[in-house]
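Asks: Please build the complete structure, drawing on both the sequences and the hints.
Here's the letter readout for the chains.
2 protein chains.
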Amino acid sequence: MDHSGPASEQDFLALIDRHFPGSSAHSSLPRGDDCAVLACPPTMVLSTDLFLEDIHFRRSYFSPGDIGWKALAVNVSDIAAMGARPLGFSLGLMIPAGPPPGPGFWGELLAGMAALAREHDLTLTGGDLSRAPLLGLCVTIWGRPGPTGRLLTRGACRPGDVLLACGHLGLVRAGLQALEAEGPAAARRWPAAAAAHLRPRPQVAAGLALAAHPGVRAAMDVSDGLAQDLPRLLGQDRDSAPGAAPGAALTLTPEALHPETRAWCEHTGQDSVTFACLGGEDYALLAACDPHDAPAVLAATPGARAIGTVTAAPGITLNGQPAPARGFDHFSTT
Amino acid sequence: MDHSGPASEQDFLALIDRHFPGSSAHSSLPRGDDCAVLACPPTMVLSTDLFLEDIHFRRSYFSPGDIGWKALAVNVSDIAAMGARPLGFSLGLMIPAGPPPGPGFWGELLAGMAALAREHDLTLTGGDLSRAPLLGLCVTIWGRPGPTGRLLTRGACRPGDVLLACGHLGLVRAGLQALEAEGPAAARRWPAAAAAHLRPRPQVAAGLALAAHPGVRAAMDVSDGLAQDLPRLLGQDRDSAPGAAPGAALTLTPEALHPETRAWCEHTGQDSVTFACLGGEDYALLAACDPHDAPAVLAATPGARAIGTVTAAPGITLNGQPAPARGFDHFSTT
Numbered sequence: 081m082d083h084s085g086p087a088s089e090q091d092f093l094a095l096i097d098r099h100f101p102g103s104s105a106h107s108s109l110p111r112g113d114d115c116a117v118l119a120c121p122p123t124m125v126l127s128t129d130l131f132l133e134d135i136h137f138r139r140s141y142f143s144p145g146d147i148g149w150k151a152l153a154v155n156v157s158d159i160a161a162m163g164a165r166p167l168g169f170s171l172g173l174m175i176p177a178g179p180p181p182g183p184g185f186w187g188e189l190l191a192g193m194a195a196l197a198r199e200h201d202l203t204l205t206g207g208d209l210s211r212a213p214l215l216g217l218c219v220t221i222w223g224r225p226g227p228t229g230r231l232l233t234r235g236a237c238r239p240g241d242v243l244l245a246c247g248h249l250g251l252v253r254a255g256l257q258a259l260e261a262e263g264p265a266a267a268r269r270w271p272a273a274a275a276a277h278l279r280p281r282p283q284v285a286a287g288l289a290l291a292a293h294p295g296v297r298a299a300m301d302v303s304d305g306l307a308q309d310l311p312r313l314l315g316q317d318r319d320s321a322p323g324a325a326p327g328a329a330l331t332l333t334p335e336a337l338h339p340e341t342r343a344w345c346e347h348t349g350q351d352s353v354t355f356a357c358l359g360g361e362d363y364a365l366l367a368a369c370d371p372h373d374a375p376a377v378l379a380a381t382p383g384a385r386a387i388g389t390v391t392a393a394p395g396i397t398l399n400g401q402p403a404p405a406r407g408f409d410h411f412s413t414t
Numbered sequence: 081m082d083h084s085g086p087a088s089e090q091d092f093l094a095l096i097d098r099h100f101p102g103s104s105a106h107s108s109l110p111r112g113d114d115c116a117v118l119a120c121p122p123t124m125v126l127s128t129d130l131f132l133e134d135i136h137f138r139r140s141y142f143s144p145g146d147i148g149w150k151a152l153a154v155n156v157s158d159i160a161a162m163g164a165r166p167l168g169f170s171l172g173l174m175i176p177a178g179p180p181p182g183p184g185f186w187g188e189l190l191a192g193m194a195a196l197a198r199e200h201d202l203t204l205t206g207g208d209l210s211r212a213p214l215l216g217l218c219v220t221i222w223g224r225p226g227p228t229g230r231l232l233t234r235g236a237c238r239p240g241d242v243l244l245a246c247g248h249l250g251l252v253r254a255g256l257q258a259l260e261a262e263g264p265a266a267a268r269r270w271p272a273a274a275a276a277h278l279r280p281r282p283q284v285a286a287g288l289a290l291a292a293h294p295g296v297r298a299a300m301d302v303s304d305g306l307a308q309d310l311p312r313l314l315g316q317d318r319d320s321a322p323g324a325a326p327g328a329a330l331t332l333t334p335e336a337l338h339p340e341t342r343a344w345c346e347h348t349g350q351d352s353v354t355f356a357c358l359g360g361e362d363y364a365l366l367a368a369c370d371p372h373d374a375p376a377v378l379a380a381t382p383g384a385r386a387i388g389t390v391t392a393a394p395g396i397t398l399n400g401q402p403a404p405a406r407g408f409d410h411f412s413t414t
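Residue numbers (my numbering), protein chains in the order written: chain Y, 81 to 414; chain G, 81 to 414.
Don't read these hints as lab results, they were simulated from the structure.
Please note that the accuracy of each hint is not assured.
Chain G regions said to be covered by chain Y (calculated; three or more residues, Cβ under 8 Å) [stated by the list, open to error]:
#, stretch
1, 122-136
2, 161-172
3, 199-207
Built from N, CA and C at the ideal position, the CB exists for glycine as well.
Replies: Encoded structure:
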C-alpha cells in the first residue's frame, strides 16, 4: 500500500472499518459476511438513491467529505419524508480506475459520510466495492416509523388542506448556480446557499413531528423542485382520470425565501419566487394538512411555514398565476 | 417517445411497471413514493452488489435479458448463502447517455430480471434511475430466515468438519474464458458453461436445506473462487493471531467437475482441478458440517458433494499440495 490511497479491497475495507463501527444493536454481525443480519421492526421504510460524479456532484467544488455527506443525506431525506427515523444503510461504492484522486480522498469521503451517520445513529451494514469508469455511490437506506407508528405518503390531499414546507425552497438551486458559476469561491460569498447544496441537512425531526400529527395527510421531500414535485404530492401523476386529483394555489413571497436566495436572484436578474418554485434538490419537506390542525402542526414542526392551499380545481397557481411547470430532471439528456 | 427506447423517466417507470407488479403482501405501497413500506419479519438479511458493464459483464456476449437476470442472481446468491429466502429488492439503474442501445433493450433487460424475480416470488420495491457514463445496476436485496429461523454465517468451522460444495466449481470460469475467447458463439459449443456465466441459478433451496440442519456450522457463496473464499469461510481473514483459525485439506478430482469444465481445460491445456479451485463467480455454496451429520446433510441438500475437511493446521492443501492462492478480484486494477 502506498500513501496515496488504499491499493486493495482489503485496504479499503480496513479504511471503512476505521470510520464506521462494525456492528450495532440493529446489525450485530460484523460486516464482511454474505449479508448483514438486521433486527427489524414489523414495518420498515426503504429507499435507494444513486449519487454519481458529474450527474449529481462535481469534484471541482465538492470536497471529498461533502460527497460522502451528501450521498447519505439525500437518502436520509427520503426516510424523513415518510415521517420515519433512519436505522441503517448499505453502500455500493464505484471507485474510478487510475491513480487515487488524492492522498486523503477516501478517508475524507468516508469521514463526511460517518459524520452524518453519527448524527442519526445510523449503521453502515455492508455493501460492495468495485472499480468503475466513474466515482459513484449507490446508497440503500431503511428506517422505522416514529413512536405513533404512522407513516406519511403522497396523495390523500383534500381541497382546503394547508400546504406546508419545512426548509428553504430555492436555496439549494442558488447554491448550485453560484458554485457552477463561481467555483469553490462561491462558498465564501454565498455560504448558506453553498452549504445547502454541499451538505444538506435532512429534516428528520420535522418529518417525525409531521407524522405524529393525525391532521397531516400527506408528505414528500422536494427533490426535483416544487413545480415538479407538488403534482406528485397531490397525486396528479397517478391520476387515472385527468383532473380527478386536486390542484393547489401557492402563495410565495420573496420575504418567505432565504436572504441568500433573494440576493442570488437579484445578482443574476432572476425572479426569486419563480426561481424558488423551480429549484431542485431542496430536500425540504412538503406536506398537506387539515386546515383546522394547521396552527398546531406549524407550531410543532421545526422550520415549517404555510405556502398555499389544496384546491378542488386541478391546476396549480403561484400567487394567482399559472405556476411554472418544470423542475429538475436527472434523467433528461437535455 | 420514439420506438428505440424509453425517452423520459416517466416512460422508463411505465416500462418497469409492465414487468414488475407494483405492490405485494411484502411491500404494499405502490412504487413511486419516497420510500417503500415493507412488512418485515423480526430478523432480515440484506446485501448490496454492483453489476457494471465491462467490469462484471460485457454487452458483446450478454444479451439484455442475461444482464437483468445476472444482476439479480448474484444478489439472490448472497441470500442463499445465509440459508435464507429472498423477499424483495431495490434497483439503482445507471442508463448510459446517448442513443438507446437497441429497440427492445430495456424491455428485455427488465424481462430477464423479472423472470428470476418470479421464480423466487421477489418484489421490486423501488429504486433510482439516472443517466450515467456506463450501464450499471446496483441491487440491494433482503430476505428472511427459513422455517427454523437459523442463519448461516462464515467462521465457526472446527477441525474435522466436512467441507461441502453445492454447485459446479470452475464451470463459470470455463464459461467466462470461452465467451471471452470465442464471443457469443461459445454458447453453442459450451452451453452449460456459458449458461452458468450468463444466467447463474442461485442455490436458494440448497441454502435453506443447509440452514435447517444444526450440524452445518458455516456457509458462504463462492464468488471470488474457492482459493480466495475458503480462507474466509474458515475465518482466516478475521484471524487476530495468524494461525488461530483452522485450515483445510481439499480433495478434488477431475471426475467431480462438470464435463464442460474438464473439456474446456483439455481444450486450453489447463489443469482442471487447479482451474476449478481458482474459478470466480461460481455462486456455488460452500459449507462446513459436523462429520457425524455429513451423510444426512449430503442426502438432504440438492447438488451437495464433499470436497475436503477442515484441519487444525492453518494451511490449505489441494490433493495434498499447497492450494493455489488467488482467485478473482473485481477491485484489482491489474
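Asks: Work down the list of hints and note, for each, if the structure agrees.
Replies: Structure-based check of all given hints:
Coverage of the stretch 122-136 of chain G by chain Y holds [criterion: at least 3 residues with CB-CB distance below 8 Å; count 13]. Counting residues of the stretch 161-172 of chain G whose beta carbon lies closer than 8 Å to any beta carbon of chain Y gives 6, which reaches the threshold of three, so the coverage claim holds. Evaluation of the coverage hint for the stretch 199-207 of chain G: fulfilled, as 3 residues show C-beta separations to chain Y shorter than 8 Å, against a requirement of three.
In terms of the numbered hints stated before, the structure departs from none.
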